[in-house]
Amino acid sequence: MSGILKLRCAPGVPAMAVDVMSPDYRVVRRVMLTPGVEHLVEVPSEASFLRCYLPSGRAVTLADPGNLDREITPDALMLANRTSYVSKGSETSIAAERDRRGHLEARASGSFESLEAVRRYQATRSTPAPGGSAWPPPAGVDVVPLGEGVSAAIRSHDGAVVQGSLADNGRDASWELLGPTFDPPFELRLDTPAGPVRMAIPAHAQHTWARLDTPARQHGPIVSIRMQTEAPVADTILNYLADGETAAAGAMRDWASHGESLLKSKMSDPYAAAVGAYLLLRLGDYAHLRDWPRNLADRFPALPDGCVIWAWQLIQTAPSREQEIAEYLLMAAARGLPVYGHGTRLLFDGLTLLGDVGRPALERLQAQVGALVRTSPVTMWYEPVTTGAPPATTPEMTFDVAFGTENAAL
Amino acid sequence: MSLHHPLPPATVELQQPRLHALVIGVAHYPHLLGGDPAAMARDPLSLGQISTPQHTARAIAGWLTTRYANHACPLGSVELLVSTPGGNADGTEAATADNIENAVGRWFTRCSSHPKNIAFFYYCGHGLEKGAQFLLPEDFGNPAIVDPWKNCIDLDRFRAGLRASLQAEALFCFVDACRETPFSMLTQVNVSGRPLVGGNGFGTALSTNGLYNAAASSRQAYGPATEPTYFAQALLKCLEGVASTNDGTAWVVDANSIDAGLTKMLRYYGDRVGQSLKPQTDVMGSTVLHESGRGLVLASVGCATAQASQCAEIELTRGAVSHRAVMTDPKPFERELAPGDWDVRIRFPNGEFPDSQAMTFTLLPGVWQGVPYP
Numbered sequence: 006m007s008g009i010l011k012l013r014c015a016p017g018v019p020a021m022a023v024d025v026m027s028p029d030y031r032v033v034r035r036v037m038l039t040p041g042v043e044h045l046v047e048v049p050s051e052a053s054f055l056r057c058y059l060p061s062g063r064a065v066t067l068a069d070p071g072n073l074d075r076e077i078t079p080d081a082l083m084l085a086n087r088t089s090y091v092s093k094g095s096e097t098s099i100a101a102e103r104d105r106r107g108h109l110e111a112r113a114s115g116s117f118e119s120l121e122a123v124r125r126y127q128a129t130r131s132t133p134a135p136g137g138s139a140w141p142p143p144a145g146v147d148v149v150p151l152g153e154g155v156s157a158a159i160r161s162h163d164g165a166v167v168q169g170s171l172a173d174n175g176r177d178a179s180w181e182l183l184g185p186t187f188d189p190p191f192e193l194r195l196d197t198p199a200g201p202v203r204m205a206i207p208a209h210a211q212h213t214w215a216r217l218d219t220p221a222r223q224h225g226p227i228v229s230i231r232m233q234t235e236a237p238v239a240d241t242i243l244n245y246l247a248d249g250e251t252a253a254a255g256a257m258r259d260w261a262s263h264g265e266s267l268l269k270s271k272m273s274d275p276y277a278a279a280v281g282a283y284l285l286l287r288l289g290d291y292a293h294l295r296d297w298p299r300n301l302a303d304r305f306p307a308l309p310d311g312c313v314i315w316a317w318q319l320i321q322t323a324p325s326r327e328q329e330i331a332e333y334l335l336m337a338a339a340r341g342l343p344v345y346g347h348g349t350r351l352l353f354d355g356l357t358l359l360g361d362v363g364r365p366a367l368e369r370l371q372a373q374v375g376a377l378v379r380t381s382p383v384t385m386w387y388e389p390v391t392t393g394a395p396p397a398t399t400p401e402m403t404f405d406v407a408f409g410t411e412n413a414a415l
Numbered sequence: 082m083s084l085h086h087p088l089p090p091a092t093v094e095l096q097q098p099r100l101h102a103l104v105i106g107v108a109h110y111p112h113l114l115g116g117d118p119a120a121m122a123r124d125p126l127s128l129g130q131i132s133t134p135q136h137t138a139r140a141i142a143g144w145l146t147t148r149y150a151n152h153a154c155p156l157g158s159v160e161l162l163v164s165t166p167g168g169n170a171d172g173t174e175a176a177t178a179d180n181i182e183n184a185v186g187r188w189f190t191r192c193s194s195h196p197k198n199i200a201f202f203y204y205c206g207h208g209l210e211k212g213a214q215f216l217l218p219e220d221f222g223n224p225a226i227v228d229p230w231k232n233c234i235d236l237d238r239f240r241a242g243l244r245a246s247l248q249a250e251a252l253f254c255f256v257d258a259c260r261e262t263p264f265s266m267l268t269q270v271n272v273s274g275r276p277l278v279g280g281n282g283f284g285t286a287l288s289t290n291g292l293y294n295a296a297a298s299s300r301q302a303y304g305p306a307t308e309p310t311y312f313a314q315a316l317l318k319c320l321e322g323v324a325s326t327n328d329g330t331a332w333v334v335d336a337n338s339i340d341a342g343l344t345k346m347l348r349y350y351g352d353r354v355g356q357s358l359k360p361q362t363d364v365m366g367s368t369v370l371h372e373s374g375r376g377l378v379l380a381s382v383g384c385a386t387a388q389a390s391q392c393a394e395i396e397l398t399r400g401a402v403s404h405r406a407v408m409t410d411p412k413p414f415e416r417e418l419a420p421g422d423w424d425v426r427i428r429f430p431n432g433e434f435p436d437s438q439a440m441t442f443t444l445l446p447g448v449w450q451g452v453p454y455p
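Residue numbers (the working numbering), protein chains in the order written: chain A, 6 to 415; chain B, 82 to 455.
A portion of the hints provided could be inaccurate.
[Unchecked claim] DEER-style ranges, computed between Cβ atoms:
(1) A:D361 / B:A120: 29 to 39 Å
(2) B:V407 / A:G71: 33 to 43 Å
(3) B:T441 / A:G184: 48 to 58 Å
(4) B:D228 / A:G184: 46 to 56 Å
Note that these hints are calculated values from the structure, not bench results. The structure presented is a predicted model; accordingly, all values stated were derived computationally and were not measured. Where a beta carbon is used, it is the ideal one built from N, C-alpha and C, also for glycine.
The task is simple: from the sequences and hints, build the whole structure.
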């Protein structure tokens, strides 16, 4: 029997995309769920159910046949994240899940056995208040050793070192990044046996975590990096896009369309605005982009992404404005590599489209990066090696880069 | 002749919307390590022979000719180029640079014959990256040619040319190549490649432009020697239903759902083989590629610990359908399931752990890994 489904979330549930699904697995409606907002959705059956895209990128289903007044709670999501299944009143299971997460913490001093285990641990750990009695450790250091000949350091745009900490377990490095959200990006430098690797960190990041594992079931070491920013919705969007969940990210388009407001206040957040703009660009939603990416480009020279976004918006909507497109692409190139990996790919593609006009800038940027780590949501690259001996032969290193979530369980 | 389907070439439909495919597999590199010692490249860039691409290209071409379905844009043609050490007994052309360039020309012309066409490009073989991405035909590194990069394809400029010039509805570009950056390549000058397709201006006729890049950065992450690559296996599973969405009228696979499906499938394969497998994609638009007619769940069921899995019996039940793994069966227990509510029951015949109650899971197309029991 059809009806109206009331859908809301309890406090503590982070913003996320939710599909209201019919019993025949059709998406009836996709919404962005945020505390304090109730959605009314006409459903074809009381057996309709929910598919929730957690901020970590994983999707879980919540079924409660016959209940058309649904409130999604953190505990329900936590259980579903563990089992893709929720039984009502399963407090015992919740306690067991918390025990399991405590168990993960206890094992963190050793290397995890697989990339999946690393991801599970990082999902649990990458929150503003990580568990574990020794956290955060008191002493800060300029360069944090991660093991296996790899060390990490973060510098601000003016070259100042941000001191990092190494946890008592000897593996978990962390940095607190405090500064205006509109500052130029930070840079993480990893010194590895295969050469230096650099990674952009948006200035609105508050916390960064890194650790190195050498899983027995994995070919080569894994460096996992997590960032958490002041804009959790932007973090969630980046995680969705990294997992190819463009359709789910589409539920955030209303949030993204408010990017203009993120640029207006004194505490503007151009990074969050850029993430929103990238999403709208990917969705082809130019109506919501209007012309505010041009403000992003003109007012925040430390963020080359603004120029890339505006140029690509013109490429898609006004390709005859060739001079302006070229101007902004070349301006982006002059400013350096974009912060976000998608932006760097778009910049390279845009300069390629410019042909001879874009070639010098393209070649200069390509010379700047030895090899891009293309799976990273932020721009990450091996420094080029032009002289001297080849780097030592080492097992290939995997970089697993993602954004943290507001809630450790999700 | 590289036209694999249909034959004869005169039967290719050009007046109606069609999908036109170009599939390339390079599993023979005479000028790279392990090739012809008398004709070795001056710098083989530490690259050797790979066998996987021949299996991959034929699997993709085979899927297109036997399984592809799209009532709005049926299959129009498949060009197939495959390089193997012994040549092709069936007369399939080798994937040399010139053959690829000629095949691209024919494919491009067919793709542009109707504005609602879908262009499908699949390359499997060696790839290199130095800022830009390059694809290596069979005759890459031919020492008889002064410019070692002459027999090389510049993927970035190829895609730029397609974007500018292709007069079709959608482009699906699958690049199933290692993306190695050998040290000696970092020090080379004048690295370049053939763009294959020209064009100018920023306008494009494409409403969907999807690049799906395997992004494997090592040979180990590429695939088994005698089977298609992990990327191809993942793509074929996606097309069979793992990436299906229900648009209200039918189960379909579109540009965005392939993106999400590939990510899940490759992560799953990566966990199995101890590799980090993740595609790098750039997708604009959401054109439907394939009408799969069904959703498919790849279920992988084991217990919370390997010890428990070894002594467990696992049963998956939905209505009258049941799948069962006994103690001696390999775990995790893998099955392809229809979407729906499935009951999972774990039993321990020797009593090592308490048996589970029936647990009901709502499974949707994709990869599902369970269950954390006991």
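Checking each numbered hint in turn, tell me which of them this model violates, lowest number first. Failing hints: none at all.
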